[in-house]
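Enquirer: Chains as they are written, first to last, in the numbering used here: chain A, 6 to 296; chain B, 420 to 674; chain C, 39 to 377.
Just so you know, the hints here were simulated from the structure itself, not pulled from any lab data. The C-beta atom is built at its ideal place from N, Cα and C for all residues, glycine as well. It cannot be assumed that every hint is accurate.
Claimed, not checked - If you want the footprint, here are the derived chain C segments under chain A, 3+ residues with CB under 8 Å: (1) 179-185; (2) 338-346.
Unchecked claim - Residues from chain B that face chain C, not an exhaustive set, calculated with beta carbons under 8 Å: (3) Glu510; (4) Val519; (5) Thr586; (6) Lys589.
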Amino acid sequence: MSTFLQLAVSGVALGSIYGLIALGFLVIYHATGLVNFAQGQLLMVGAMATYLLLMQVGLGYPLTIAGVIVVALLLALLFRYGLHRPMVSRGAPTTNMVVATIAFGLVLTAAAELFIGNTKYGVDPVFPGAPLVVGSVSIQTQSLLIVVVAWALVGAIWFFFTKTLTGVSLRAVGLNRTAAAVSGVRVSRLITIAFVISVTVTVIGGMLVAPLIGAGPEMGLAIAVKGFAAAVIGGMSSVYRGMVAGVAIGLIEMLSSYYISSAYAPVIAYAILFLALVLMPARVRQSGAHA
Amino acid sequence: MSLIVENVTKRFGGNTALADVSFEVEAGALTALIGPNGAGKTTMFNCIAGLHRPTEGKVSLDGRDITGLAPAKILDAGIARTFQLVRSFRELTVLETVMVAGHWRSGQSFWNSILASPGTRRSDERLEEEARGTLHALGLESLADKRVHELPYGQQRLIEIAKALMTGAKTLLLDEPAAGLHPEEALALRGLLAALRERGTTILLVEHNMPFVLSIADHVVVLEFGHKIADGSAAEIAKDQRVIDSYLGKEEDVA
Amino acid sequence: MSTTTLRTQRELPRTRLHGRRRPGFWVEIAASALVILLPSFVASPYLMRLFQDVAIWSILALSLTLVLGFTGQISLGQAAFYAVGAYTSVILQTALGVPALLAWVVAIVLGMALAYLISVPLLRIHGHFLALGTLALGLIVETLLVQLAPITGGHDGIRIPGVEYLGEWMQLRFPYIVLGTLVAAYWLVRNLTQHSMGRAFFALRDDPAGAAALGIPVARYKTLVFMIGGGLAATAGVLYAHHTQVVTPDSFGFDTSIEVLLIVIIGGMSSRLGAVVGAVVIVFFPEWLVFLEKAENLVFGLVVLAILLFLPGGVVGGVRTFFSGLARRRETHHPEVAS
Numbered sequence: 006m007s008t009f010l011q012l013a014v015s016g017v018a019l020g021s022i023y024g025l026i027a028l029g030f031l032v033i034y035h036a037t038g039l040v041n042f043a044q045g046q047l048l049m050v051g052a053m054a055t056y057l058l059l060m061q062v063g064l065g066y067p068l069t070i071a072g073v074i075v076v077a078l079l080l081a082l083l084f085r086y087g088l089h090r091p092m093v094s095r096g097a098p099t100t101n102m103v104v105a106t107i108a109f110g111l112v113l114t115a116a117a118e119l120f121i122g123n124t125k126y127g128v129d130p131v132f133p134g135a136p137l138v139v140g141s142v143s144i145q146t147q148s149l150l151i152v153v154v155a156w157a158l159v160g161a162i163w164f165f166f167t168k169t170l171t172g173v174s175l176r177a178v179g180l181n182r183t184a185a186a187v188s189g190v191r192v193s194r195l196i197t198i199a200f201v202i203s204v205t206v207t208v209i210g211g212m213l214v215a216p217l218i219g220a221g222p223e224m225g226l227a228i229a230v231k232g233f234a235a236a237v238i239g240g241m242s243s244v245y246r247g248m249v250a251g252v253a254i255g256l257i258e259m260l261s262s263y264y265i266s267s268a269y270a271p272v273i274a275y276a277i278l279f280l281a282l283v284l285m286p287a288r289v290r291q292s293g294a295h296a
Numbered sequence: 420m421s422l423i424v425e426n427v428t429k430r431f432g433g434n435t436a437l438a439d440v441s442f443e444v445e446a447g448a449l450t451a452l453i454g455p456n457g458a459g460k461t462t463m464f465n466c467i468a469g470l471h472r473p474t475e476g477k478v479s480l481d482g483r484d485i486t487g488l489a490p491a492k493i494l495d496a497g498i499a500r501t502f503q504l505v506r507s508f509r510e511l512t513v514l515e516t517v518m519v520a521g522h523w524r525s526g527q528s529f530w531n532s533i534l535a536s537p538g539t540r541r542s543d544e545r546l547e548e549e550a551r552g553t554l555h556a557l558g559l560e561s562l563a564d565k566r567v568h569e570l571p572y573g574q575q576r577l578i579e580i581a582k583a584l585m586t587g588a589k590t591l592l593l594d595e596p597a598a599g600l601h602p603e604e605a606l607a608l609r610g611l612l613a614a615l616r617e618r619g620t621t622i623l624l625v626e627h628n629m630p631f632v633l634s635i636a637d638h639v640v641v642l643e644f645g646h647k648i649a650d651g652s653a654a655e656i657a658k659d660q661r662v663i664d665s666y667l668g669k670e671e672d673v674a
Numbered sequence: 039m040s041t042t043t044l045r046t047q048r049e050l051p052r053t054r055l056h057g058r059r060r061p062g063f064w065v066e067i068a069a070s071a072l073v074i075l076l077p078s079f080v081a082s083p084y085l086m087r088l089f090q091d092v093a094i095w096s097i098l099a100l101s102l103t104l105v106l107g108f109t110g111q112i113s114l115g116q117a118a119f120y121a122v123g124a125y126t127s128v129i130l131q132t133a134l135g136v137p138a139l140l141a142w143v144v145a146i147v148l149g150m151a152l153a154y155l156i157s158v159p160l161l162r163i164h165g166h167f168l169a170l171g172t173l174a175l176g177l178i179v180e181t182l183l184v185q186l187a188p189i190t191g192g193h194d195g196i197r198i199p200g201v202e203y204l205g206e207w208m209q210l211r212f213p214y215i216v217l218g219t220l221v222a223a224y225w226l227v228r229n230l231t232q233h234s235m236g237r238a239f240f241a242l243r244d245d246p247a248g249a250a251a252l253g254i255p256v257a258r259y260k261t262l263v264f265m266i267g268g269g270l271a272a273t274a275g276v277l278y279a280h281h282t283q284v285v286t287p288d289s290f291g292f293d294t295s296i297e298v299l300l301i302v303i304i305g306g307m308s309s310r311l312g313a314v315v316g317a318v319v320i321v322f323f324p325e326w327l328v329f330l331e332k333a334e335n336l337v338f339g340l341v342v343l344a345i346l347l348f349l350p351g352g353v354v355g356g357v358r359t360f361f362s363g364l365a366r367r368r369e370t371h372h373p374e375v376a377s
């Protein structure tokens with residue numbers, strides 16, 4: 006039983022990261038209709054930046070966090086103004102957009118590999134020290150932190166989208182860009198805000214998960230696939246659903262990894278994504294806004 | 420070849436877009452389906468063209484039941500439609516775009532293409548001649564090598580009609596062919612439609628533009644909120660009080 | 039625009055060479071002959087190896103050209119069919135003693151069958167979701183290649199020494215087989231797409247509803263093209279296995295699917311020549327620019343981004359635009375010179 010609970014704790018923590026990826030993914034998707042295949046690499050950048058600043062340069066966590074946020078902002082602006090906007094203004098079709106985000110992710114991975122080499126590095130957790138013990142379960146402080154921060158972020162984003170003028174305008178842009186523009190909404194600026202939110206949330210996810218699983222250039226893809234699965238299962242709509250789906254995937258992964266086979270656990274996750282996509286109801290499939 | 424719509428009702432969830440609509444599109448004549456926004460014209464159009472399946476009712480062509488058939492089968496039955504939103508085939512020239520409309524009857528398939536049978540090349544040459552002929556008939560032959568998306572809107576709409584003609588269908592469903600056209604373009608379109616009618620083509624068009632419709636249609640059907648409120652010749656409809664109220668009423672609301 | 043009546047059909051001037059082959063045809067024939075005979079006059083075995091690499095990548099890329107370039111289906115999982123082709127062929131030969139040619143045929147048919155099976159559920163999703171779905175598929179196959187170790191040899195894979203399985207005669211002439219297959223694949227794609235079918239593919243790619251209204255069977259064509267794509271990828275896999283004489287999971291993963299995508303984007307997405315050009319670039323540039331060795335992926339990623347932004351038609355598209363721009367300029371300066 007305690008093994009089960011132990012696995013469940015890990016599953017929830019990891020799953021919350023998948024939920025964060027789903028969150029970042031959904032924010033851009035709803036604002037622009039873009040499916041960002043580089044989402045996993047953005048997480049990787051967060052993890053790598055944390056590793057570099059914390060472990061190599063030796064800054065403490067507070068400065069590291071600040072540094073990582075700066076990196077996130079720069080990355081978001083690069084992504085938005087260097088790639089997304091030029092492609093949209095050229096009227097690039099969906100295919101080209103997909104390839105562009107893939108290429109962007111590829112460049113990030115390749116740059117990281119050049120910089121660091123193709124290994125995983127350990128990253129210290131925020132609160133060093135012994136794990137908390139609750140009953141027969143030992144919970145790493147980082148896992149707890151992940152869950153708290155992830156859900157806090159989801160709540161904050163939800164608040165932003167429902168209660169602030171900017172957030173509501175952003176939703177309007179996603180639903181009907183022309184109408185929003187005609188109503189005086191600064192569409193371009195809002196889309197940039199969406200990119201900033203998405204990238205920042207994902208980068209923070211990388212920073213949170215690095216102490217748990219290490220930081221390496223190739224870490225992005227596997228995590229991203231599960232994040233996408235979470236978003237799709239959550240109906241591509243609510244960020245809460247994405248989070249819940251992410252946690253569910255994390256749990257399934259951990260439990261099947263132990264009880265069935267750790268080798269096949271990834272296959273289960275990929276199969277879940279495939280099935281979720283194929284079984285997605287038609288109205289969700291078509292509901293994507295336009296880039 | 421008359422197209423008969425019988426008691427067609429279409430509901431989307433709780434919303435009744437069409438309620439018990441019946442009318443006839445006579446062979447070789449031009450019928451117009453008009454009505455204010457939200458009247459259900461496009462829904463009716465799509466029900467005939469195979470994009471929607473009527474919740475109740477029947478559509479038949481020449482006695483043959485075509486209710487709810489898929490678009491490709493509708494074309495088999497001899498009905499071609501145009502789209503209002505022109506989404507062009509990016510890499511094809513105007514000529515090639517029109518040639519595509521003849522593909523379904525060209526006899527070319529995977530097998531005979533891969534095996535490069537001589538029939539394929541001959542079929543292509545025939546398609547090209549026919550497409551050039553169609554473009555020529557519409558006065559568009561100078562545009563043959565241009566891309567559709569480079570052309571002004573009026574010419575794009577004409578190319579839509581060229582495609583419909585190229586399919587060889589005897590019945591044309593035209594979705595707001597006059598929308599967005601300059602007065603001179605609309606005049607030219609009128610002439611084109613008249614010439615088509617003389618050729619014996621059956622035409623059903625959906626339109627907003629009352630003066631245009633009254634100047635060309637043999638037969639007019641008026642919808643309002645999913646119901647048919649009038650059905651008769653252009654002259655009769657122009658004088659029909661309910662129709663006038665329906666249109667004028669709208670104007671009052673706006674004022 | 040001054041039509042007030044329908045103009046009657048006159049005898050139209052013949053503007054194309056009816057009944058005679060266009061000059062491009064003979065160029066393609068000559069190039070094909072040249073390619074097949076390449077091993078006869080290339081002395082360096084190293085160079086010959088590179089040419090075979092190009093050929094195999096080209097065949098794999100052609101599968102994506104058909105599936106993505108012509109019918110707009112974003113497949114990030116072509117490596118899955120590549121793997122099925124390679125592994126099926128190798129396992130049949132090494133574990134079951136099936137003769138090479140038969141194993142090849144079975145492997146290719148299996149690739150096509152798998153493609154057909156997958157295409158049915160995939161028909162329901164489009165655009166980025168299709169990309170995600172094929173991505174998942176590729177990852178599933180990649181993981182299974184490692185996990186089904188008793189059958190696939192796991193990480194170490196399976197070796198298939200040439201002479202032992204192909205016999206001396208075939209092993210010696212294997213380069214001809216590879217290049218010959220490339221030519222065959224090229225002509226298959228060419229024939230399939232050069233007339234009305236090709237135009238119908240473009241139509242269903244850019245406007246499925248419009249294409250359907252013109253009587254084009256969108257779902258059937260997409261499925262058939264996906265099947266042929268699977269078959270081509272499997273063919274490439276079959277050749278690859280004998281070319282490298284070993285199959286390991288590394289060669290059939292997501293990275294490979296991405297590499298094929300890069301090839302097709304660099305060369306020109308909807309151009310069969312583009313598949314070959316892209317393959318040449320992918321194979322030869324690292325050779326020419328050896329100093330780039332480590333930064334290979336980075337450079338290719340940046341090149342692809344640049345192409346997407348500035349030259350979306352890839353190399354072939356760019357060259358075509360250049361020449362048609364020249365032709366147009368020539369026309370405006372010398373309008374009496376008819377084309």
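Enquirer: So, for every hint listed, does it hold in this structure?
Expert: Hint check:
Against chain A, the stretch 179-185 of chain C contributes 4 residues with a C-beta closer than 8 Å to a partner C-beta. That satisfies the three-residue criterion, and the hint holds. With a threshold of 8 Å between beta carbons, the proposed coverage of the stretch 338-346 of chain C by chain A holds, since 6 of its residues qualify and at least three are required. A distance limit of 8 Å between C-beta atoms decides the matter here; for B/Glu510 the minimum to chain C is near 5 Å, and the interface restraint holds. With a least beta-carbon distance of about 5 Å to chain C, the hint placing B/Val519 at the interface is held under the 8 Å criterion.
Given the 8 Å rule on beta carbons, the hint for B/Thr586 holds: about 6 Å separates it from the nearest Cβ of chain C. Given the 8 Å rule on beta carbons, the hint for B/Lys589 is violated: about 14 Å separates it from the nearest Cβ of chain C.
In this structure, only the earlier hint numbered 6 is contradicted, and the remaining ones agree with it.
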